[in-house]
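Asker: Required output: the full structure, derived from the provided sequences and hints.
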Amino acid sequence: MRMHAAKRVEIVIEAVMETRLTEALERAGVTGYTVLPVSGGGGRSGRWSREGQVGRATGMVAVVCLVRPARLDALLEAAFTVVDRHMGVVCVTDAQVLRAERF
Amino acid sequence: MRMHAAKRVEIVIEAVMETRLTEALERAGVTGYTVLPVSGGGGRSGRWSREGQVGRATGMVAVVCLVRPARLDALLEAAFTVVDRHMGVVCVTDAQVLRAERF
Amino acid sequence: MRMHAAKRVEIVIEAVMETRLTEALERAGVTGYTVLPVSGGGGRSGRWSREGQVGRATGMVAVVCLVRPARLDALLEAAFTVVDRHMGVVCVTDAQVLRAERF
Amino acid sequence: MGDMVALAGQTLLSPMILFFVLGLAAALARSDLSFPEAIAKGMSLYLLFAIGFKGGAGVAAHGVDAGLVATLLAGVVLSAALPFLAFALLGLLTRLSATDRAAVAAHYGSISIVTFVTASAVLESRGIPFEGYMVAVAAAMEAPAILSALWLVARVAPPGDRAGAAEPGLWREILLNGSIVLLVGAFAIGWTTGADGLAEIDAFITAPFKGVLCLFLLDMGLVAGRGLRAARGVLAPGVLAFGLAMPLLGAGAGLATGLALGLSAGGAALLMVLCASASYIAVPAAMRVALPEANPALYLTLALGVTFPFNLTLGIPLYIGIAGALAAGG
Amino acid sequence: MGDMVALAGQTLLSPMILFFVLGLAAALARSDLSFPEAIAKGMSLYLLFAIGFKGGAGVAAHGVDAGLVATLLAGVVLSAALPFLAFALLGLLTRLSATDRAAVAAHYGSISIVTFVTASAVLESRGIPFEGYMVAVAAAMEAPAILSALWLVARVAPPGDRAGAAEPGLWREILLNGSIVLLVGAFAIGWTTGADGLAEIDAFITAPFKGVLCLFLLDMGLVAGRGLRAARGVLAPGVLAFGLAMPLLGAGAGLATGLALGLSAGGAALLMVLCASASYIAVPAAMRVALPEANPALYLTLALGVTFPFNLTLGIPLYIGIAGALAAGG
Amino acid sequence: MGDMVALAGQTLLSPMILFFVLGLAAALARSDLSFPEAIAKGMSLYLLFAIGFKGGAGVAAHGVDAGLVATLLAGVVLSAALPFLAFALLGLLTRLSATDRAAVAAHYGSISIVTFVTASAVLESRGIPFEGYMVAVAAAMEAPAILSALWLVARVAPPGDRAGAAEPGLWREILLNGSIVLLVGAFAIGWTTGADGLAEIDAFITAPFKGVLCLFLLDMGLVAGRGLRAARGVLAPGVLAFGLAMPLLGAGAGLATGLALGLSAGGAALLMVLCASASYIAVPAAMRVALPEANPALYLTLALGVTFPFNLTLGIPLYIGIAGALAAGG
Ligand SMILES: Nc1ncnc2c1ncn2[C@@H]1O[C@H](COP(=O)(O)O)[C@@H](O)[C@H]1O
Ligand SMILES: Nc1ncnc2c1ncn2[C@@H]1O[C@H](COP(=O)(O)O)[C@@H](O)[C@H]1O
Ligand SMILES: Nc1ncnc2c1ncn2[C@@H]1O[C@H](COP(=O)(O)O)[C@@H](O)[C@H]1O
Ligand code: NA
Ligand code: NA
Ligand code: NA
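Protein chains in written order, with the numbering used here: chain W, 1 to 103; chain C, 1 to 103; chain H, 1 to 103; chain P, 1 to 330; chain Z, 1 to 330; chain Y, 1 to 330.
Any given hint could turn out to be false.
Partial chain Y-side listing against chain H, Cβ under 8 angstroms, derived [stated by the list, open to error]: (1) S34; (2) A40; (3) S44; (4) P292.
No wet-lab data here; the hints were simulated from the structure. Ideal Cβ placement from N, Cα and C applies to all residues, glycine included.
Answerer: Here it is as structure tokens:
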């Protein structure tokens, strides 16, 4: 299989900020992303869990983007403006993708 | 801890294709995989979200497989036959695993 | 963007063991982790799926931790004591993170 | 005529339709009101369970009418035939590819069970009786349209687009899809256990039914509105025209058949609704497997964003009004 | 006085409150009893739907009282004014930053719809009538407090903490948040369809209402208890004192207003409840966007872990008792 | 005898059992019918809530029978003793490891609350009264069996398999597990609030109960069927024989105890059901923590795939028939 170098960016962010983040990513030219639900976690602001919650205030989501390496900086800058004042983490990994025409 | 080199393959694919994919993986000798729910995403065919949906037609799932490097090609070929005509992305990362006897 | 080297550890483990694992991680000095729901999977003990299940006995979760490379060994040792006798996989990837002061 | 307008007004002002409109409006205004996927699926399971069981209990109560088998067969034929009409109409009105046309056609031959449920709730509110077995007709009409669409694709689509029809397991998936199994299973159990069975679970499936339907239609309005907003792009004028004309043609075919079969006014109205409505649960899933090259935004937006709201707001009162004027006992 | 104690006793021993206490106790004892997020959200959608619709149907039945507009306006003013009181009180009792004080103040100006729903269920159980439009007042009181809090922040907080108030889309999110849209939409539909509409869905929204509320309060008890356990650290004595004193001050303001407006005893009690309660769904979400620097553990623990249990167990019977003694027809 | 067959027929043709069979059949035919996990959990919370509350209200209504304490104690003893019987029987019939035998034995000493709920619904449908406190007996029988199984492991299993029993927090998890807390809590609240409390939430917990149970059993049938299909491999003939013989032995022990205690026919039947049924929610979770070396496919398939369907279809009518023939007032 022919693979192509790419970057896998994973952003864990508050659920209230999800749309703001994905809109910023789209503005930065990111062509695709996948949102995974997060059921709980822990960090400096303590532990939390989604069980029994009604509101969106305390939940988080994970947004995963695969991009060509050349686009990484634009993506990170867009993500950073949204994540900056908020809880959450941003993690980048080297990856290989099939079907590079999609990125 | 003694770690062993492995490949982490992550396939985001339409929910309707999940069983076809995992069956193809099993036929290709993959001994384990984990399916994560996906709550939304965006790509060339637009944005979507799982909220309020009833059917399976528009949802996706993420399938994660850890394999020995030597098995990667067989896995990708099996995955490709299923993913080929469908939406979705395939991403491979270098990884290290504990308890290599399991892979 | 200024990035910092980190390790991304992903542990897929039985849902009944989630709290034991996160408590062990906290004791080992891990400052943050994110728990993702898992909707199904397959391995040596067969296939399973979360659909229609009531209990916790057969479900799994994925716990993702980003740590400084220096802390990896402590983390793995803590994880191993919990995972040891149980189903599940542990996978480590090299990563880069924003906002390193958080780890 | 005056009666029909009054009936349409009454129906439009029923809580069910108003909650649907509320959902549509909220989504178009970008409110974050939303239902968890599990709740939406839970409500749809409840509705299928209740409507199936009540249909079966109805058959047990009134005996098997000679019409059951005839209507079932007629439903199968309609479901198989309407895709050809839809395919031709799309050829006239749009410039879509043959694959896309076939995929859309499959949806319009098949049925929307939610539209059916809403219409039967409206009939009940108006005190208009209908044949209990119409629920079985609904189930029978789900799949034949898919077969016709795949046959069309095999005839006219580029070779690359045909592979999926032979996809292993596809037919088991279609015929044993969850909605059909639940609907038919509940129908069979309702029929078997009859009045005794109904007495045991009546309080669960009858009294709260319309309330659950209100909540469910609110969610459907949200989903339809969100779909519309995301996919305005695919709605060229010809496509939109198809989404409004096809239900009327379908309803006409259903009416003619209903009159020929001698169905009651309520039954004929339901057959019109079945023919006029387009699937947006079972068929899209089948199309993703069998025709992945077809554009899902197109068929989902048409079925769920155009035809479904049209049927719920204008179609149902219209069909009930016409069937009431023309059918036996009407 | 003796009556009030008896009423308080009765209320405390109602299944609703006891299930809340069960949840609280189970969480504090670290039981793994828990509700899936989707079920919790589904129950809250049901409660909003039912309470909104019944309120609207009530207005349709009793006609629009001159009081509706006056009470709506009074509610808006109270919601906008109470944050200033809360902000000042926090300044006296605690050493929190101005940003944290403003964020907490927003919660206490706004309302907890669950507390409102519980109070109206208690009134119904006791046979005490109240104005149907109180539900609209509840909806109207959700947002103004947020505006006041952001104004406070703009005046007193460090510049870095102010950016969020200008966040694009924030106001649409607040005004069209899911709970408000559902509550107001269901109210409007209940009003429009009146007695006919109510007859259609009564069996769904009236008979099972208190049972669902019991289950929901059980879950709220679990969530409150777990929150308390996780965030004991933030509850300095001054903070805790605020969480108990502020509802009483709010209730006083609500009582004075209710008496001035000539509300019924039930209506006055509900206005007290609205002023005494603190939001823990809509406002926290808005604060995460607009004031991310404020500490969520602080405001969630106060609103959900301290004030909510206080109101449910002691507050509601107290407010109903006082309003009953002082209000018109009381 | 003829009566018993008639009763068995009636029970087998009740909607509850038929929906279970529908689920089983759909899963075996590989239909994709499925319930979201959250809905399945929500229904089980509802059933525990309702059955617990009604049990408590029943005790409040009929007063505390001297039998309550005796039956509770007997239940605890049975739950603790039956694992030894199961362990021995498995030794005779199978070649499983000691650890696997102990794990399976824990499940059969403990109880399946769904089987209990179904049996009590069948009793109600047949108009056979039973002691309200049987619900408390069910709760009391959940945990003792686990203790016995861990004791067995400590005696006979290889040392490596024993560590889990000392797992910190394990006992709090078992004793405060969600089902027990909800069942016992609802029982206590039902008892405390008595007829008044019941009047408030009766419409939620009584009228729709059997309908919810039908849906829930449909899902349980799906889960059991899917489990059976996935794990056919573990069902050696001896293992299968155990899954059918053990419930009969358990029922026998329950019958003898029920007669000795002088329970009513309904109460004795329920005690038989408790002894005959095997846990598939609480005990599997505990076994995963305490005995991770035991094979979950084995104990889940036995409890959920073999014994549960056996009890639902043949067991319940049999136990009710026998108890009716032999017990006081039978
Ligand atoms: N080191 C980490 N690894 C993985 N997830 C993290 C980490 N730190 C924080 N998170 C996630 O981000 C959320 C907020 O973190 P914090 O701002 O530190 O409270 C946590 O609840 C986790 O879900
Ligand atoms: N670059 C990407 N990174 C992550 N996920 C993607 C990417 N592109 C597509 N996806 C996922 O695949 C789905 C279908 O993509 P597409 O076929 O481009 O519409 C999207 O909804 C996303 O969930
Ligand atoms: N190679 C693998 N890659 C990804 N997930 C795995 C793998 N092996 C096992 N798992 C996960 O771990 C669970 C238990 O595995 P096992 O102990 O092999 O039955 C499976 O159901 C999967 O969710
Ligand atoms: Na149709
Ligand atoms: Na307030
Ligand atoms: Na037992």
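Asker: Against this structure, judge whether each hint is valid.
Answerer: Verification of the supplied hints:
1. Using the Cβ-Cβ criterion of 8 angstroms, the hint placing S34(Y) at the interface with chain H is satisfied: the shortest such distance is roughly 4 angstroms.
2. Because the closest C-beta pair between A40(Y) and chain H is about 5 angstroms apart, less than 8 angstroms, the hint holds.
3. With a least beta-carbon distance of about 5 angstroms to chain H, the hint placing S44(Y) at the interface is held under the 8 angstroms criterion.
4. With its C-beta approaching chain H no nearer than about 5 angstroms, P292(Y) sits inside the 8 angstroms limit, and its interface hint holds.
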